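A.B. asks: Residue strings, one per chain:
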Amino acid sequence: MTPMIHVEHLAKSFTLHNQGGAVIPVIEGAGFSVRAGECVALTGTSGAGKSTVMRILYGNYLAQGGSVRIGGLDITKAEPREILALRRETLGYVSQFLRVVPRVPTLEVVAEPLLALGRPEAEALARARDLLTRLRIPDTLWGLSPTTFSGGEQQRVNIARGFAHAYPALLLDEPTASLDATNRETVLTLIEEAKAGGAAIVGIFHDLEARARVADREIDVSAFAPGRAA
Amino acid sequence: MMPLLDVRSLTKTYGGRIGCADVSFRLYPGEVLGIVGESGSGKSTLLNCLAGHLLPDAGRVIFDTRAEGPRDVLEMSEPERRMLGRTDWAFVHQNPRDGLRMRISAGGNVGERLMAVGARHYGEIRAQATDWLGRVEIGETRIDDRPSAFSGGMQQRLQIARNLVTGPRLVFMDEPTGGLDVSVQARLLDLIRGLVRRMGLSAIVVTHDLAVVRLLADRLMVMKDGQVIETGLTDQVLDDPQAPYTQLLVSSVLQV
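For the record, the sequence lines run as chains A and B. Residue numbering for the first sequence follows the working numbering, beginning at 1 and increasing consecutively. Residue numbering for the second sequence follows the working numbering, beginning at 1 and increasing consecutively.
Bound-form chain B, shown alone:
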């Protein structure tokens, strides 16, 4: 089977400081990869390099495109990369305000992404927006409200609807449940898992929360100081960690 994403020796430095160094991995269709590490470990730098928000110093990010097969994203033109960002890729930010337009309605936020890929029929756009708001459990009566009138958990669900409406194949998530209270987190995890299974999505989820990756990710990558310390099946890395740092990380979690 061909990997959906094939990352080779990706390196990003900030001046003399290492952001992430020599990161390589393959992500297959339908897989969810978790990236964990404490703040400053380079996980967000890596995610932003992968998603084309930051330009890495070296390495390759090869994505299996629908039309032309495997292509190095870093060698694409800016318009091509933007098109990918609107169609096959999605990015869910930790802060929904970074991924939503706060001054237009919830329906508009979802519809805008559809229009960006060429949808023009108002009735169809509105019907699809309503359908997606329903899937993320936002009532139809709220379609004309602005996201600023939503709670944090609702904003995050709206951001997910906006991102998934165009049927992407790869979703990047940066601390998707960060800043939400625990009951809302559980609801969001349930939602993401269901969408991943039903749509056959692949996802890369960056988080510092080991409980979140245990429930969400098939595979795990542990980072420290910009380096990948350990990789493997999620439950194997958490239950039988091999690297000293991973053992420390796992044993530091407070039991509930």
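Bound-form chain A, shown alone:
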């Protein structure tokens, strides 16, 4: 079976044109793959490039070399509209920060990925209600914009949104950070359910217990530092 996520010879550097044209190589020769139903944790010290790898997988950062195949599409060479379709149907991303149009009610923010897929409104809203309930966002807040919520509440709204559609590939950037024990447990259960549903997951977990529980393998991105690669 071909892996859901397949990375080969990936290279990334940043060129800072307005700071003397400094070139900062970050990743060289990275390669790994993730199968359906598998969760892989990216590890390495702060600054090793974990987030950079995640952002390249999402098409948010451009790669300078190599390939990243997700569901058969090489996103390093794909057209923007192909990546947009991939993000809509196949590839989900739970970032650490919630970015939404102000004034849109929480319930709609969470239902949006399903509405964008053309699912019936009733079904999308029912799924959103279910997730918000599970993540203990009180229903008195559902009609309000999450922009005014506390950090932990915003993160849970972000997670609800990320899990609304059953993406075959899912990227998680510290999904349990700043959550209390009960909500952390809910998020870990959601991750386990997604795995059981066949999702290929790549995550960054600073929470070591959480990592040990959901991750099948670890990939140390320090190995991809320039000069280290074979």
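Hints listed in this document are in silico derivations from the structure and should not be mistaken for laboratory results. If you're wondering where the values come from, they're calculated on a predicted model, not measured in any experiment. One or more hints might be untrue.
[Claimed, not checked] To give an idea of the interface, some chain B residues facing chain A are shown, with a C-beta separation under 7 Å as derived from the structure:
| # | residue |
| --- | --- |
| 1 | G30 |
| 2 | F150 |
| 3 | G152 |
| 4 | R187 |
| 5 | L189 |
| 6 | D190 |
| 7 | R219 |
| 8 | L233 |
| 9 | Q236 |
| 10 | D239 |
| 11 | D240 |
| 12 | Q247 |
[To be verified] Here are the simulated DMTMM-like pairs of lysine to aspartate or glutamate, each with C-alpha atoms no more than 20 Å apart in a straight line:
| # | chain 1 | residue 1 | chain 2 | residue 2 |
| --- | --- | --- | --- | --- |
| 13 | A | K77 | B | D239 |
| 14 | A | K195 | A | D207 |
| 15 | A | K77 | A | E28 |
| 16 | A | K195 | A | E89 |
| 17 | A | K77 | B | E112 |
| 18 | A | K77 | B | D235 |
| 19 | A | K77 | A | E89 |
| 20 | A | K195 | A | E218 |
| 21 | A | K195 | A | E38 |
[What the hints assert, rightly or not] Here are the in silico distance ranges between beta carbons for each label pair:
| # | chain 1 | residue 1 | chain 2 | residue 2 | range |
| --- | --- | --- | --- | --- | --- |
| 22 | A | D216 | B | D181 | 23 to 33 Å |
| 23 | B | G16 | A | A166 | 50 to 60 Å |
| 24 | A | P102 | B | M199 | 16 to 26 Å |
| 25 | A | S46 | B | L248 | 20 to 30 Å |
| 26 | B | M83 | A | A196 | 47 to 57 Å |
| 27 | B | D72 | A | A85 | 23 to 33 Å |
| 28 | B | L248 | A | E209 | 16 to 26 Å |
| 29 | B | P79 | A | D139 | 51 to 61 Å |
| 30 | B | A58 | A | L117 | 23 to 33 Å |
| 31 | B | R17 | A | G20 | 55 to 65 Å |
| 32 | A | T148 | B | L248 | 39 to 49 Å |
We put the CB at the ideal spot given by N, CA and C, even for glycine.
Since the structure of chain A is provided, determine the placement of chain B on it from the hints.
C.D. replies: Structure of chain B alone, referenced to chain A:
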């Protein structure tokens, strides 16, 4: 999939000065393209050339028409182009006064565009106008008021209703949230996003506001001195800009 709009090597000069030079891109159905750059970068010139308000010196603007498939808009007759402007295309001006008739009622402003495409039944026109005013959150009680009695944000929403009532497939927007205060901007962005999704619209939005394009546009085109400097997915261009100018533009934004 066939692009809705296929722009090839579009060039416009003002005497010896470059307005926009050799611009090419494709816009697909349902996509929102943002065009950013500082004033004088050629983004408004480009938008006006695309929308048929300015005649470019060279290039092609091929639109996938409903009846006849892809046609070069620049080779259409004036009446044909005007018809397109009233039906499949819409243009939202920065200043609502440029897109509204200030001396007729809000309902009349919406109804007029319907009549331009052949609607004649008064009751139906009024019902549709009321429906559209509702969608842009203008109360039914205001239908007979003139736009001059509206606030800036309401005028802009009225302009959007007037433009979208005929169910266009492509909307051009020139700084649609410019000049509005921040809370009104957010409301308008929410409205535009909802309409784009529900109606399956494609849009080209010109703005200098990077926060607006981040929330509104799928793809981004960065312009400077009439040239396209960089293109890509909106979040990719903003988070990992490649060109020196784009890096400067992104790093110059004040963080709130």
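A.B. asks: Now tell me if each hint is right for this structure.
C.D. replies: A quick look at each hint next to the structure:
1. G30: Given a least distance of 9 Å, the restraint on G30(B) is violated.
2. F150: With Cβ-Cβ at 20 Å, over 7 Å, it is violated.
3. G152: Where the cut-off is 7 Å and the nearest Cβ of chain A is about 17 Å from G152(B), the hint is violated.
4. R187: Nearest chain A Cβ about 6 Å off; hint holds.
5. L189: Hint holds; L189(B) Cβ to chain A Cβ min 5 Å, cut 7 Å.
6. D190: Since the shortest Cβ distance to chain A is 5 Å, the answer is holds.
7. R219: Holds, about 5 Å.
8. L233: holds (5 Å)
9. Q236: holds (6 Å)
10. D239: holds (5 Å)
11. D240: Hint holds; D240(B) Cβ to chain A Cβ min 4 Å, cut 7 Å.
12. Q247: The hint holds - Q247(B) has a Cβ within 7 Å of chain A, the shortest such distance being about 5 Å.
13. K77(A) <-> D239(B): Within the cut-off at roughly 18 Å; holds.
14. K195(A) <-> D207(A): holds (19 Å)
15. K77(A) <-> E28(A): holds (18 Å)
16. K195(A) <-> E89(A): holds (17 Å)
17. K77(A) <-> E112(B): violated (47 Å)
18. K77(A) <-> D235(B): holds (17 Å)
19. K77(A) <-> E89(A): holds (18 Å)
20. K195(A) <-> E218(A): Distance of about 16 Å is within 20 Å: holds.
21. K195(A) <-> E38(A): Measuring from Cα to Cα gives roughly 6 Å; hence the hint holds.
22. D216(A) <-> D181(B): 23 to 33 Å: Since the Cβ atoms of D216(A) and D181(B) sit about 51 Å apart, the hinted range of 23 to 33 Å is violated.
23. G16(B) <-> A166(A): 50 to 60 Å: holds (58 Å)
24. P102(A) <-> M199(B): 16 to 26 Å: holds (22 Å)
25. S46(A) <-> L248(B): 20 to 30 Å: holds (28 Å)
26. M83(B) <-> A196(A): 47 to 57 Å: About 56 Å separates the Cβ atoms of M83(B) and A196(A), which means 47 to 57 Å holds.
27. D72(B) <-> A85(A): 23 to 33 Å: holds (28 Å)
28. L248(B) <-> E209(A): 16 to 26 Å: Violated, since L248(B) and E209(A) (Cβ atoms, about 44 Å apart) do not stay within the stated range.
29. P79(B) <-> D139(A): 51 to 61 Å: About 56 Å separates the Cβ atoms of P79(B) and D139(A), which means 51 to 61 Å holds.
30. A58(B) <-> L117(A): 23 to 33 Å: Since the Cβ atoms of A58(B) and L117(A) sit about 41 Å apart, the hinted range of 23 to 33 Å is violated.
31. R17(B) <-> G20(A): 55 to 65 Å: Violated - the Cβ-Cβ distance for R17(B) and G20(A), about 33 Å, lies outside 55 to 65 Å.
32. T148(A) <-> L248(B): 39 to 49 Å: With a Cβ separation near 33 Å, T148(A) and L248(B) fall outside 39 to 49 Å, so the hint is violated.
Checked against the numbered hints listed earlier, the structure breaks hints 1, 2, 3, 17, 22, 28, 30, 31, 32; every other hint is satisfied.
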